[in-house]
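Novice: Our numbering puts the first residue of the sequence shown at 184, with every later residue one more than the last.
A few of these clues could be false.
What the hints assert, rightly or not - BS3-like cross-link-like pairs, simulated, lysine-lysine; straight-line CA separation at most 25 Å: (1) 220 with 301; (2) 313 with 242; (3) 297 with 242; (4) 242 with 220; (5) 237 with 301; (6) 220 with 297; (7) 237 with 313; (8) 257 with 220; (9) 301 with 242.
Keep in mind that the hints were calculated from the coordinates and are not lab data.
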Amino acid sequence: MKLTFDATKVDPQVGLSVLPAGTYDVAIITAEQRDNKGNDGQHLALVLEVQDGKYAGRKLFHNVNLWNESASAKEFAQGTLSAICHATGIMQLEDTDQLIGIPVSADVRVSEQKVFGKSNVINSYRPLGKSGTSDVAEGIV
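Using the sequences and the hints given, assemble the complete structure.
Specialist: Below you can see the structure in the form of C-alpha cells.
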C-alpha cells in the first residue's frame, strides 16, 4: 500500500490517562447491544462523553450486563439502567436511542487491575444538578 504522510505537520498522539475520580456532566453518545467476552451473554455497551470543563470531549465506557446467565448480574444491570433512566427522566424506555444526548451527572472512580492497569468506572448516575445519596438515581452501578 502506497502512503504519503508528513509527520512534521501532525502532533504525535499521546496516550490518554484515566480521568481523576470525581463527578462529571456526561451524555451517552452511543448505546449498542454486544456479545460479552465469554460469548455466553450480551451487554449494553455505552459510550459517554464528558460535556464540559477540562476533560470536555473525553470518553467513558460502561458495559451494562442486561443479558447474562447470572441472575445477580442481570439484577445489578437492571439497577444500573434504572439509575440512568431516573437521571435522564425517561421512565418508560422503549429504545436506547431515547438516552442519546441527554446530559446527566456521573460519579466516576479509578479502578486498578493487575492485567489492565488503571481505568475509569462509573459508580453512579444522577440528574444534572443533584448531589448526595438521597437522590432516587443514586446508587452504586
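Novice: Run every hint past the structure and note whether it holds.
Specialist: Quick rundown of the hints versus the structure:
no.: 1; hint: 220 with 301; result: 20 Å, holds
no.: 2; hint: 313 with 242; result: 22 Å, holds
no.: 3; hint: 297 with 242; result: 22 Å, holds
no.: 4; hint: 242 with 220; result: 21 Å, holds
no.: 5; hint: 237 with 301; result: 20 Å, holds
no.: 6; hint: 220 with 297; result: 18 Å, holds
no.: 7; hint: 237 with 313; result: 21 Å, holds
no.: 8; hint: 257 with 220; result: 16 Å, holds
no.: 9; hint: 301 with 242; result: 15 Å, holds
When held up to the earlier numbered hints, the structure conflicts with none and fits them all.
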